[in-house]
Amino acid sequence: MADEGATVLTAAQDAGIYIPALCHCPDVSSQGVCRLCLVRIEGRRRPEPACRTIIEEGMVVFTDDPEIERLRRVILELILSDHDFNCLLCPKSGQCRLQELVNRIGFDEHRFSRLEHTAKDLPIDTSNPFFDFNPNKCVQCTICVRTCHEIAGIDAIDMAYRSDNLRVSTFANKPLKDSVCVSCGECMERCPVGALIPKKFKHPTREVKTTCPYCGVGCGLYLGIRGNTIVRARGDDESPVNHGGLCVRGRFGYDFVNSPDRLSLPLMRAYDEYAQPSSVVEMNEEGRPITLPLVKREGKFVEITWDQAIRYVASSLAHYKGDEIAAISSARCTNEENYLFQKFTRVALETNNIDHCARL
Amino acid sequence: MKKSISIPSIKNYRIDSVESLRRLREILVAGEQTTGKFVNVCCGSGCISSGSEHVREAFVSGIKGHELEDEIKVKKTGCHGFCERGPIVVVGPKNIFYQHVTKEDVPEIISETLLEDRVVERLLYEDPVTGQKCLHENDIPFYRKQKRIVLKNCGLIDPTSIEDYIKVDGFQALAKILSHMTPEEVIGEIKLSGLRGRGGAGFPTGIKWETARNASGEEKYIICNGDEGDPGAFMDRSVMEGDPYSVIEGMMIAGYAVGASQGIIYVRAEYPLAVHHLSTAIAQVTDLGLLGRNIMESGFDFEIKIVKGAGAFVCGEETALIASIEGKSGRPKPKPPFPAIQGLWGKPTVINNVETMANVSRIILNGHEWYSGIGTPTDKGTKIFSLVGKVRNVGLVEVEMGTTLREIIFDIGGGIQGGKRFKAVQTGGPSGGCIPEELLDLPVGYESLAKAGSIMGSGGMLVMDEDTCVVNIARYFLDFARNESCGQCTPCRLGTKQMFKILQDITRGKGRPGDIEILLELSDAVKHGSICGLGMTVPNPVLSTIRYFRKEYEEHILEGRCRALVCRSLIFYRIKDYRCKACLKCLQACPVDAIIGAKWQVHEIDQSKCIKCGTCMQVCPPRFSAVECVTGLIEGSGDKSE
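The listed protein sequences derive, respectively, from chains A and B. Sequential numbering from 1 applies to the first sequence in our numbering. Sequential numbering from 1001 applies to the second sequence in our numbering.
Just chain B, same shape as in the assembly (with noise of 0.2 Å):
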C-alpha cells in the first residue's frame, strides 16, 4: 500500500509573532519525522561544473520509476565544501557520504542504498593514509579538524527552501531579539563575542555597530559585502549560495542594532546562482511576513534589496562599493569619513562581509560566552578558508581560530598533490603575502598573518609546491592589482606598473642587480603612499616573497635560473645524447621543426627556434627518457612567445 505523507504548505502562511514561528516550526519539524529517506545532492557551483545537476535529475527521475518520490525526497543543497570530490551526495537516513558519483552511479545507488540498505562501497571516500573506507562526513579526515559554525546548513538545507532554515532553528536569533533584546544589548552580545570583519581588515563589528548606532541621521543602511574578488576564493559564494538565510538574518539583525530599516546586497553578477538564491530567499522570507513592516508585531522595518556589481576587485573596498551603489564609478574614497558615520547617500552605513553576517545568529542563538569560547585570545570563533592550488584536497574549509597552517593545509587538506615538496602558501589573495615552510606552524589568526607579511585576507588559500616559482607568483599577482588599481592616487596607478615590469622583466631574464631594491623601494611607497586598502596591501606578494625567497630572485636576476623551471626565458629544453635512441618522435611531434636529426642520427634541439612549449618531453617514451629540462641562459633561446 502506498503510503501518503502530508507535507504541511506555508503558502499563505504569514509570521506575525515569536509564537506563530515556533509553531510553523513544530509543523515543519512534524512533516519532517514522517519522510526517512532523503537523497542529498550538492549543487554548489563546484559540483554544479562536475555536473551535480544531471545527478540529481537522475535521482529525482530514478525514484520516479521506483514510484518512490513520496517516500524519498530528492533536495539540492549547497556546498559541502569537499569540492575536490564533487558531485557529492549524502543518502539518508543514514548520511551516507558518496562522493564522484555520476548520473550511472545512481541506479545502483538507488537500488542498493535505498532500497536493500547496503552501502555502495567504490562510492565512499578512502582515506589515503589509513586505506580505510569513509561512511559518513565527520569520519573524513579533511571534516574531522574543521570546526562549521558559519557552514553548519551548508550541505544540509535546501538554499531555496525557507521551510528547511526553519527546521534547522532559522529565525531563531532574531525573534530572540525582537522578544527580549534592546539594540544596545545585541551590540553588547556582538561586543562580547569578540567576532571580528571576516573580510579581511578584521575590524571589530560590535564597534563598528555601535558607531554607526550613535551616528546623527534618521535613516541608516546595512550593507552585506558579497563582491569576493581574489583569484581563486570562494567563501562567500558558498555561503550566499548555500545558506543564503542566514545572511539576511544577520543583515536584519544587523538592522535592528543599528537602527537601520534596509539593507542592500552587493554580490558580484559573476556569481548568478548566488544572486538567484538570494533573490528567491528574500521573497520567501517578505512572503512569510519576516522582511517587510513591523516584523513579529515588533514595530522593527526591515527591507533587503539586491545590487550586482559588475566584477572590479576594487568595489570590494567599502568606499568604492558604496560609490558602485550609488551609481558612481568604483573608486575608494579616502578615510575618515567612515561608513559607519557617512556612508551610502550620506547616511552611517554598516558595512559587513557575508561570512560576518552569517556569524550573527549563531552569535545570538547561543550567546557570547559559547562565541569567545572558539578561538584563541585575541581572535574569537571560526573562519572559512578556500584552500586551493596544489593541495590534494581543494576545498572549503572552515576552522578554528588558531589552528595552524600545517593543520590546514596537511591534516584537511591531505598534503601536497603527486607528493612534491611544499613551498608556501599564499593567504589572502593579491593582497595577502606567501608564507615559507618555516612558518608552517604559524596559527591563523589576524595579526599573526600579518606579522609574517601576509594578511587573513578574505579567506584564499592557495598552496604552492616545488614547481611553482615565487617571482612568477609575484608577477601574476600584480599584474592582477595593476589592472584592477581604479588608477586614482599616484603610487598605486604608477607604482604597481612599474613594479609589474621590474618583475616581467626578471621573469623574462631581463632582471638587472638593484631591481630588488628598486622593487622594495616601489612598494614602500605603494604601500604607505595609497588612499585604500588595494594599495595598502597589493605589494604584499612582492614584499613577503622577496623576504622568504630573496634567494630565488637572485637566482633570477644574477644567474639566469629559475629552480622552479617555470619562466620560459629562463629554461631549455635538451636531448641527452646517451639516451636518445633517434626514435624520430620528438622530431616529428615538435610544432616548430627545432629538431634536427634523422633515422640512425642522435637528435638535438635547435634552440634557436625552440619555443620552449615542452612537447619533446612529453613524447619522448619514459624508458629513453632523453629530453631534460634545464634552466640557465644560454645563447639564442630567448622567448619567443613575446
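So that you can see chain A by itself, here it is in the shape it has in the complex (with noise of 0.2 Å):
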C-alpha cells in the first residue's frame, strides 16, 4: 500500500522493489533526466521515469524486463563512456553511486569496448576552499544544480551549454570562488560520483553526533572522527533545526578543533601595568596546545595561571563603572555560559553594553 501522490520510484523503494537511479535524490525535485530508473507500464505508449510518475490506482509497472534491461546497460555504458573513471584514485570510491549501478545493472562489455571513450580533459575548478569541482567526472544528473536553487536558495550553478558540451557552471563560467557561491557544501554532499569532492578527503572510522558550535541556531551535526581528529561534518537529517542542511562554518569550520595555534586559555599582556604576575613561564615550543593563560611580553604572549588572570580582570574592572564599560562574549561558549554573561554584565557590572562575536 504506497501513499497517494508518491512516485513509483518511491513506492517501489518503500516496498523493497529496486529501480536504479542516477539523478534521484529525495531532498530535491525530480527532473527525470538521467533515464536509468525508467519503467514500462501497461498501457502506456513509451517506458517512463518512475522518478516522476506518480501511481495511479491499478496500475501495472514492470520494473525489469529483458527490453528495460537492455535499455539501462546501454544507457549506463553510455554514462560511463563519458566519465572519467579511473576508481582506484577517485576519493568516491565504494561511496560512488555509479559504481553501484555497475554492480547492479552491469554492462555488454563488448558494446562497451566499441563505445568511443575519449578523455574530456576540462580543467578542475579547486578555487573554492573547501571542495573541488571535477567535471571530467561529473555525470550531468543536475543535482548539484537543483540543491542549489531549491535548499541553499542562491543559484550559483546551472547547465550551461548544450548536446555533449553539457555541464554545470556558475554564472559566465567564472571559477567558483568568483561567483555567488557561499560554499555550503550541499551540492557536494549530494553529488552522487567524485565530482564534487571537499578537499583533504579522508574517510571517517566513526561518527559522533552533536550540535554546531558556532550560531545560535543550533544545528545538529555528526563529526566524522578519523583517530582523535576531525574529518568531516555531516548534518543530523533527524534534527528538527536544520534538517540535514548545514552552512559553511558547520559543514567546513573544524579546523580549529585540532589546531596548533588554538587558545584554550585567556591571554594577557606582559607590558599592562596592572599585570604584575608572580610567576610568569615564557611560551614553549611553537604550536603546543596553551593549557594556561598567556601574557605578552616584550611582543610575546606569556603563560599565566587562571587565578592570576581572574584576578587581574576582577582589579581592572574596579577601575570602572556602569556604560564605561562594554563586554564581548564568544559564539564559540554555550547558550548557558552566554545567557550568565549577560547576566553578569547586566546586573553586576550593570550595563547594556554586551555584545558577541557570532557576526562571522
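Just to be clear, a hint being listed does not mean it is correct.
[To be verified] Taking beta-carbon pairs under 10 Å as the criterion, some of the chain B residues facing chain A (in silico): (1) G1327; (2) S1329; (3) P1334; (4) T1496.
[What the hints assert, rightly or not] Computed cross-link-like contacts, DSSO-like style, restricted to lysine-lysine with a CA-CA straight-line distance of at most 30 Å: (5) A:K120 - B:K1501; (6) A:K177 - B:K1451; (7) B:K1451 - A:K174; (8) B:K1501 - B:K1576; (9) B:K1191 - B:K1347; (10) A:K120 - B:K1328; (11) A:K174 - A:K202; (12) B:K1510 - A:K120; (13) A:K321 - A:K343; (14) A:K174 - B:K1308; (15) B:K1075 - B:K1152.
Derived from the structure by calculation, the hints contain no laboratory data. Note that the coordinates shown come from a computational prediction; the quantities given were computed from them, not determined experimentally. We treat Cβ as the ideally placed atom computed from N, Cα and C, and that holds for glycine.
Hey, can you piece these two chains together into the complex? The hints should help.
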C-alpha cells in the first residue's frame, strides 16, 4: 500500500523493490534526466521514468524485463563512456552511485568496448577553499544545480551549453570562488559521483552526534572522526533544527579543533601596568596547545595561571563603572555561559553594553 | 486625359462591429474594380535572393517613366512556391505568369504586356514534357496537382497591406465567430473538421483547444510556433512572410475558443522578413481595432506579441519553446503536465504551428464539412511541403492529404534533375526517415509515413538521387541532431554522439563488422529513452536507411565501397592509360602535384598524395575522358581532409 501522490520510484523503494536511479535525490525535485529509472507501465506507449511518474490505482509496473534491462544497460554504458572512471584514484570510490549501478545493472562489455571513450580533459575548478569540482567525473545528473536552487536558494550554478558540451557552470563560467557560491557544500554532499569532492578528503572511522558550536541556531550534526581528528561534518537529517542542512561554518569550520594555534585559555599582555604575575613562564616551543593563560611580554605572549588572570580582570574592572564598560562574549561558548555572562554584565556591571562575536 | 482613381484610405478607420468590417470591405473592393492592370512581384525570401527586389524597383521606375503609376499598381506579394523559377512576376488583368524575370526584362514586359497587351513568350514557363508554353499559373504542371488552401493568399496579396487581406475575405471568419458562434461551437467545428497539428506530431487541434479551455485558470495563452528549424524546410516562413494576417486571425479564433486574451508568436530571428511582416501586420490590425479590447463589440480582448527565438532547433519542441519565452535556456520538460494544462508561466497554453493556425480561418469560414471532405478518412485537409534536393522543381507545394509521394515528386516536382535515377526521399527533416523507391506510391499522411519509418514532420521533403550516399546522409543528420540536442537526458546527449562517431567511421572507411547492430541498439535506446520529441525521432534517419539500404551500409563496412562515390575515403581517381593523351592538363591543374607524367608520357595519379578533389576529372577533355572515379579502398589513399 503506497501513499497517494507517491512516485513509482519511492513506492517501489518502500516496498523493497530496486529501481536503479542516478539523478534522483529525495531532498530535491525529480527531473528525470538520467533515464536509468525507466520502467514499463502497462497501457503506456513508452517507458516512463519511475522518479516522475505518480502512482495510480491499479497501475501495473514492470521494473525489470529484458527490454528495460537492455535500455538501462545501454544508457549506463553511455554514461560510463563519458565518465573519467579512474576509480582507483577517486576519493568517492566505494561510495559512488555509478559504481553501485554498474554492480547492480551490469553492462555489455563488447558493446561498451565499441563506444568511443575520449578523455574530456576539462580543467578542475579548485578555486573554492573547501571543495573541488572535477567536470571530467560529472555525469550531468543536475542534482547539484537543483540543490543550489531548491535547498541553498543561491543559484550559483546551472547547466550551461548544450549537446555533449552540457556541463555545470557558474554564471559566465567563472571559477566557483568568483561566483555567488556561499560554499555551503550542500551540492558536494549530494553529488552521486566524484565530481564534487571536499579538499583534504579522509574517510572517518566513526561518527559523533553533536550540535554545531558556531551560531545560536544550534544545527544538529555528526562529526566524522578518524583517530583523534575530526575529518568531516555532516548535517543530522533527524535534527528538527536544520533537517540535515549545514552552512559553510558548520560543514567545513572544524579545523580549529585540532589547530596548533588554538588558544584554550585567556591571554595577558605583560607590559600592562596591572599585570604583575608572580611567576611567568615563557611560552614553550611553537605549536604546543596552550593550556594556561598567556601574557604578552615585549611582543610575546606568556602563560599565566587562571587565578592570576581572573585577579587581573577583577582589579581592572574595579576602576570603571556602568556604561564605561563594554563586554563581548564568544559564540564559541554555550548558550548557558552566554546567558550567565550577559546577566553578569547587566546586573553586576550595570551596563547593557554587551555583544558577541557571532557575526562571522 | 489622365484618369485619377481615388484609392480609399483606411487611415483612422476603426472596425468596431461586423457591419463596419463589411462596409470597409465593400469600399476596398469597389476601389479595386476601377484599377485594371497590376504587376505582382514575388518578394518571398526565395525570390528576393534571386533578385526580385531589383525587378520590383525596375517596374516601379519603368511605370513612372510612362506616367502610369496611377493606373498600374506594382505590388510585392508573398511566396508563389515555385522558387526554382524565381523571380516570379504575375501581370494582370490576365494573370500572365512570368518566370526567371530579371530587371533587364522589365522594360519589355511594360511595353509589350502592359501597354500593348501582348505576351512575352520567352518568359513563360515551358512544360518540359509537352514543350508547351504556359500562360497562367494553373496551366503549369507544378501547380496543377496542388490544392492551395493555406497558401491561397500567398502570391496574391501584399503581405504588408491589410486592405488586400480584407478584400480577400480577411477577418470574415473572426466576424463569424464573434457574432454567431460560442467558443464551444468553434471548438466543435475544429474537432469535426479533423484538423491535426501541422508541426509534425499530428495531435488533433480541437482536442488540444478543448483541454486548454477546460483547464482551470483565469489567464490562458495562445502561442504560435514559428520556430521552423528543419534544414531545408521553409513552409512556415513562407506563410508568415506571405500571409501573416491568416496566422493572426487563426490565433484570434483560437484565443476566443480557448478563452485566452494573449497570443505570442515565437519566430526564429533568422527570419527577419517574417518578423517584419508579422509586426507590420500586428500593428495594422491593432490600428484597425481588431486587436485590443472589446473586439467588434463582442467583449473579446486579444493582443499578440512577437518573441524572437535565438535559433535552437530544440526550441521548436513546445516545452522548450515555453522555457525560451520565459527567459530560461531552451530545454524541454518531461510531459505531463502538458502545456494545455500547465504551460507558459504555469498557465494553460495552446501551442499550434503556423500552418495549423493558418488553416483555422479557412475551416471556420467554409465549414467543417468542406474541410473534412478534403484528404483521406484519417488525415483531413492539405499539407504544405518544401520540396528540395535533387528534384527539378524546387519549391513550396501544398497538396491534399493522401497524395502519393510519386505524384509530389514526379508530377509536381517534375522528377529528378539531370535525368538521374531517384533513390530516396527524406521527409520530416532530421526527425524523419528516408523512404525508398518501392514505397513511392505511399499516400502522404501521419500514420502512413510513420509506418514507413519516417514522419510527416513539419513538411520538409528532401529528394535524393543515385549520387547520394545514404550512409553519408544519416551521418549528416546525426551530426545535426548531436549538435542540436539540448543535452539534458543521457540517451540523447551521449547516444547521438556515439552514433555519429560510428557513422563517421563508416563513411571514412573505418567501419567494423557489428557496427550496424550497435547502431540499432543505440538508436533503440535514444528512441525509447529520451525525454522529448527530438530524442524520440532523431534515430529515424539511421533506422530508416538501415532498414531500406542495409546493403549499402554493408558495402561500406565490409567491402570499403561507396556506390554513390560520395565518401571520400572510399573512392579514388585513376587515369586510364589507354585513353590518356598526355596533354598535361590535369597535371597542371592538380593542386597537390599528385599527378606524375610528362609530355609524351601517360599520366598517373600518386594515390599517396591525392586529396580526391576531383579537379583532374573536371579538366580532362571530354573527348579523352581518361580520368575515372572508382570506389574501393586502396593502399595509401586515406582521407587527407581529416
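Comparing the hints with the structure gives:
{"no.": "1", "hint": "G1327", "verdict": "13 Å, violated"}
{"no.": "2", "hint": "S1329", "verdict": "7 Å, holds"}
{"no.": "3", "hint": "P1334", "verdict": "5 Å, holds"}
{"no.": "4", "hint": "T1496", "verdict": "8 Å, holds"}
{"no.": "5", "hint": "A:K120 - B:K1501", "verdict": "16 Å, holds"}
{"no.": "6", "hint": "A:K177 - B:K1451", "verdict": "54 Å, violated"}
{"no.": "7", "hint": "B:K1451 - A:K174", "verdict": "49 Å, violated"}
{"no.": "8", "hint": "B:K1501 - B:K1576", "verdict": "36 Å, violated"}
{"no.": "9", "hint": "B:K1191 - B:K1347", "verdict": "23 Å, holds"}
{"no.": "10", "hint": "A:K120 - B:K1328", "verdict": "27 Å, holds"}
{"no.": "11", "hint": "A:K174 - A:K202", "verdict": "28 Å, holds"}
{"no.": "12", "hint": "B:K1510 - A:K120", "verdict": "23 Å, holds"}
{"no.": "13", "hint": "A:K321 - A:K343", "verdict": "16 Å, holds"}
{"no.": "14", "hint": "A:K174 - B:K1308", "verdict": "28 Å, holds"}
{"no.": "15", "hint": "B:K1075 - B:K1152", "verdict": "16 Å, holds"}
Hints 1, 6, 7 and 8 from the list above are not met by this structure, while the remaining hints are.
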